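Undergrad: Top to bottom, those sequences are chains A and B.
Taking the numbering used here, the leading residue of the first sequence gets 1, the next gets one more, and so forth.
Taking the numbering used here, the leading residue of the second sequence gets 1001, the next gets one more, and so forth.
Hints were generated in silico from the structure; no laboratory data involved.
Keep in mind the model is a prediction, meaning the values are calculated, not measured.
The beta-carbon is built from N, C-alpha and C at its ideal position, and this holds for glycine as well.
Treat the hints with caution; some may be incorrect.
[Unchecked claim] Straight-line Cα separation of at most 25 Å, BS3-like style, residue types lysine-lysine; simulated pairs: (1) B:LYS1279 to B:LYS1070; (2) B:LYS1052 to B:LYS1219; (3) B:LYS1279 to A:LYS113; (4) A:LYS236 to A:LYS70; (5) B:LYS1389 to A:LYS134; (6) B:LYS1065 to B:LYS1344; (7) A:LYS70 to A:LYS113; (8) B:LYS1279 to A:LYS70; (9) A:LYS220 to A:LYS236.
[Unchecked claim] Residues from chain A that keep clear of chain B, each with C-beta distances beyond 10 Å, as calculated: (10) LYS11; (11) GLN142; (12) GLU198; (13) GLU201; (14) LEU245; (15) PHE250; (16) ARG257.
[What the hints assert, rightly or not] Just so you have them, the derived chain B footprint on chain A, three or more residues with Cβ under 8 Å: (17) 51–62; (18) 118–127; (19) 172–179.
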Amino acid sequence: MGRIRALFNSKQNGILNIYFTAGYPGLNDTETIIRTLTKAGVDVIEVGMPYSDPMADGPTIQQSSSRAIKQGMTVDLLFRQVTKARQHSDVPLLLMGYLNQMMQYGMEQFVNKSVSAGIDGLIIPDLPLDIYEKEYLDLIRQSGLDMVFLITPQTVEERIRYIDSLSTGFIYMVSDASITGAKSGISLKQIEYFKRIEAMELKNPRLIGFGISNAETFDKACQYANGAIIGSAFIKALEKSDTDLEGSIFEFIHSIRKPATV
Amino acid sequence: MRFTADDRGFYGDFGGAFIPEMLYANVEELRSRYLEIIEDQDFQNEFRGLLKDYVGRPSPLYLAKRLSQKYQTSIYLKREDLNHTGAHKINNTIGQILLAQRLGKSRIIAETGAGQHGVATATVCALMGIQCIVYMGEVDIARQAPNVSRMQMLGAEVRPALSGSRTLKDATNEAIRDWINNPVDTHYIIGSVVGPHPYPDMVARFQSVISEEIRWQLKEQTGSEDPDLIIACVGGGSNAAGAYYHYLDNDNIRLIAVEAAGLGVDSGESAATSVLGSKGIIHGSRTLLMQTPDGQIIEPYSLSAGLDYPGIGPMHAHLIDSGRAEAVSITDDEALEAAFECAKLEGIIPALESAHAFAALEKIEYGSDDIIVLNLSGRGDKDLETYIKHLTGDGKD
Ligand SMILES: Cc1ncc(COP(=O)(O)O)c(C=O)c1O
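Bound conformation, chain B alone (with noise of 0.2 Å):
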């Protein structure tokens, strides 16, 4: 089986681009050029050189020696929590604002969760002094208020989204209008594997350095190439991609997909699409979401901005459909402990997001000769609020 996109953007029956007329030839521009672009040697160094210089990679492969003796196993974290700006997404990033200088763009659009994305984004325009606009849930924007300062000193103009949940869906909807507006100077940075083809195969080839990096690091480290598992959470699902996607053709290694079970699978307020979910059209692509039976999105939930998406990527709906890929639903009390339990005993402060992740080893099985890499997807300065709030008690109410 295949689980990269086929040349119309499909992954099996997922896939594709559903849009408006009003954005086919934005689309388009972008579908017959971004693998011309991107496989361009000029491209490939400087894409490379920032990634190196600018961003700091590769990031650590790192053994945390205490987690793993806690959970009985080798448990080795990617560390994508020490980038520039703190995640994975600025992987994505430095590849769309390349592409999009060579697409003659002068204008940016982003939308953000987390705000990850959005620093990200505004990050590289400053760095190439383009304007940069990012859309974010009002909900959003009071969770992970030090992002929007970091965008806003970086120069970036940020625009709430005040429609439906104020969160991730509805600033993607308000970042599609924009681009709808703007059609002809205007590039919109998407921020994990979702939107219409060529987004998901494009940001997946942005993030495949993770995998790309694992695989030397771990022989390195280990003489094996090939872990046995790999964990990740998915929001829309791009770090996971990245950390997939040189293993996903090998099916001895198990991957693991984290969702987000906000305040459990059937409270109703939840973000676990896997479970949750159906098939139908999100944001361009015919992928798995929540829906109702008339058609109709629903609002998720989760108390990590990042993953408070009610789909996701169509890749990840192919993995997990065909069996390939193994989902995992965490609530927001579990990611919550499991990134107390990090911060004690690696001394490292995981984002919220990237907690969920660790809280699978709770969940799944695995043995003691096991070798898993978990993507550490980015650090948690931004949740230190919900953090604190827990710490103190009164984040439950």
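The shape of chain A in the complex, shown without the other chains (with noise of 0.2 Å):
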């Protein structure tokens, strides 16, 4: 059974997914991050391929992004750092990057590097439905990765039922109309959209992403979801700390949810 799956069996709430860009701020720091993050008691983490044109991030994440490609990051640089990392964790690992970064690596290779990095599954944003039915499933399903696609408040009930039959993993519910990192607060309205696919009873557990920043947002997230992720609060928390890294972490980590409930 997949990290993922496996993590879902024993837990079904309060999961904290915590996203970072790989390459930031430090080039090599990714080791370092995921480690903590580890030992902080993460349950999921993301590492994000820094991309020049990330089309559905916000300010924050773009700018780790583009400093991390400044500071030398490449797609293979990233899968050293992960093979190195996966050493010291057993948390699911999932990377998110643009397509056009899986097609100029060739969408096979990048499958089999992924696998043997120990990566659990991939966020593609910009991969199209059709596309990857037509073109990927049958290589991800071979490689044992799990694809997590998104939905928003605009998808409609016949595409989530689509989505939720080709997801394996989770499914990553955009809290709002939003890129990344934009707004703080949840309001009633996104509760309403929340509540309306809670009551779908889909077969993938779902992960609410984008806005959630604090302990607040994350606990209320986590009342209709499986749990959150949180990407940009945590790169701005990581920007702050230019010395004790891991300190950073760990602080951040704990205003989220306190360690005894790890």
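Please dock the two separately framed chains into a single complex, following the hints provided.
TA: Listed below in structure tokens is the structure:
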């Protein structure tokens, strides 16, 4: 059984998924970040592959990405970093990147390298569902990688069912009509959307992301889904940590949930 | 071979809609309705009426005698520079604003490079009384200042794009992000044949009025509706798509796509996508683009803001890849020289983008009895500062 499946089998609530951009703040911080997040008790780690033109991302992730690229981040280096980090962590690891990066690397090679680096799943926000079904589904299923797709408040029911049928691992619920890092606070309208999706009884677990930034929004999201994803707020915390990276990571994670509940 | 989009928006292997789920509903609404709306008789009447009485179409097809003499051939200029707002861009914005109204949208966003598309969008928004926000790279805001003022006078808000190379690509990223944040009330008027399906096809259809007119105008003037060559500059490719459109299936007519080489194709400061590019995804479309081996999009360079884009539309990727169109690259200096030549020989100051098309006359082979149609996509008022610098010699540093 894959690590993601095993996690959701043993834990259905309060899942904390942290996103960070590989190669930021320092080019070779990936291993430290993964190791420290693991120690701090995070349930899932999403490793962002920095991209020059991240369409779905807000300024925080975009800036961390351009800095990582400038510092020399590459796909191959990322695989080497993840391979090393895997030795200190058994937490489910996902790669999140844009389709052009995989296309240039070669999808088959990308998938094989992901598997041997110890990656458990992929999130490719600009991969169209029909192209996935036609061109990549067999490859992914054979590899054992999970494939996580997004839904938004605008996604209609029929399409949500279709996405649920193609997804493995979990469904990434975009909390609002927004790019990453856009808003803070959760509105009544968002809660209605969370409830609507909850009532659909999808086969996949759900994690809520975008705009989750602190304990309050995390707890709120957890009331309506299996957990939540924090990205931009975590990167901002790293931004401030010029000397003590590990300390800042612990501090941030403990501000989201107390060590005792881990 | 087929050169227009299939029903999924593919041109051969290029095109499609590679977009995140956050954009799916917006794009799907457009995709499912654009043909039915555009083909509606009421829409066509209003579109045609505005093109005639507001834009000033048909734009003349003018035999440029002194230029023809110099190049020992027959050169007809399709005068898109005489359109209201000074370029072909308004053909598309008139179409899209009418479409946006029929979709019930109350807010318009656009990206712009040279500012021509921004001005054309601000213009139609003023005409219809709709709120307008234009994203423009910080670098372009500086080099196309007159167009920024025009947009503001027309009531649009110009928002600077501060990321990346701070040019057209980045303005497009910002516009896309705005659309993600405002999915219900906003229509995104893309300015070229780029972006996810249905944009390339939709914009090409609105611009196809150019070749529709060339056909009857050329027939009136020469007895035949078919030229031997059509030359157009390609940024994203909308003026070229419009000039080629009705001739795509006639293999006897050579299609020349002129790209910006910037400081030179091998200089590292270029926007010659068909030479430097490879297959990948940019702004929701699978097409040719300039990128690193790792798939990072390369920041392009051209003196001309309208051609300073690291990709080309999927139709052009297919035309060039299949050999249907020939690509030519023109440097900044060659374009500047051609602009001055056109001004002196014909009394027409072309846009710097269009000047690249003129410069191609030096680069390609043709016969003395060939008939060439050159799409003069816009006028040079916006580029005067650049031209004056060149005149006084401080253009080069
Ligand atoms: C006058 C003019 N010509 C050409 C272009 C390039 O765009 P396209 O390739 O879509 O025609 C522009 C873009 O701003 C322009 O202003």
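Undergrad: If a hint holds in the structure, say so; if it does not, say that too.
TA: Each hint, compared with the structure:
For the hint pairing LYS1279 of chain B with LYS1070 of chain B, the CA-to-CA distance comes to about 39 Å; that exceeds 25 Å, so the pair is violated. With a CA separation close to 20 Å, the supplied pair LYS1052 of chain B and LYS1219 of chain B stays within the 25 Å bound. Restraint check for LYS1279 of chain B and LYS113 of chain A: the C-alpha separation of about 22 Å stays at or below 25 Å, so the hint holds. Only pairs whose Cα atoms come within 25 Å are accepted, and LYS236 of chain A paired with LYS70 of chain A is accepted, the gap being roughly 19 Å.
Under the criterion of a C-alpha separation no larger than 25 Å, the hint pairing LYS1389 of chain B with LYS134 of chain A is inconsistent with the structure, at around 54 Å. For the hint pairing LYS1065 of chain B with LYS1344 of chain B, the CA-to-CA distance comes to about 12 Å; that is within 25 Å, so the pair holds. Our distance criterion of 25 Å between C-alpha atoms is met by LYS70 of chain A and LYS113 of chain A, whose separation comes to about 23 Å. A threshold of 25 Å between alpha carbons decides the hint, and for LYS1279 of chain B with LYS70 of chain A the separation of about 23 Å falls inside it, so the pair holds.
Distance restraint check for LYS220 of chain A and LYS236 of chain A: the Cα-Cα separation of roughly 21 Å lies within the 25 Å cut-off, and the hinted pair is therefore satisfied. Distance check for LYS11 of chain A against chain B: the nearest CB is about 26 Å away, which clears 10 Å, and the non-interface claim stands. Chain B leaves GLN142 of chain A outside its interface by the beta-carbon criterion, the shortest separation being 23 Å against a cut-off of 10 Å. With 10 Å as the threshold on Cβ separation, the claim that GLU198 of chain A sits away from chain B holds: the shortest Cβ distance comes to roughly 19 Å.
With a minimum CB-CB distance of about 20 Å to chain B, GLU201 of chain A clears the 10 Å threshold, and the non-interface call stands. Chain B leaves LEU245 of chain A outside its interface by the beta-carbon criterion, the shortest separation being 25 Å against a cut-off of 10 Å. Listed as outside the interface, PHE250 of chain A is consistent with that label: its C-beta sits roughly 31 Å from the nearest C-beta of chain B, beyond the 10 Å cut-off. A cut-off of 10 Å between C-beta atoms confirms that ARG257 of chain A is not in contact with chain B; the least separation is 28 Å.
Under a criterion of three residues with beta carbons nearer than 8 Å to beta carbons of chain B, the stated coverage of the region 51–62 of chain A is upheld, 8 such residues being counted. Closer than 8 Å: that is the beta-carbon criterion, and the region 118–127 of chain A has 3 residues meeting it against chain B, so the requirement of 3 holds. By the rule of at least three residues with a Cβ nearer than 8 Å to a Cβ of chain B, the coverage given for the region 172–179 of chain A holds, with 4 such residues.
Comparing the model with each earlier hint shows violations of hints 1 and 5; every other hint is respected.
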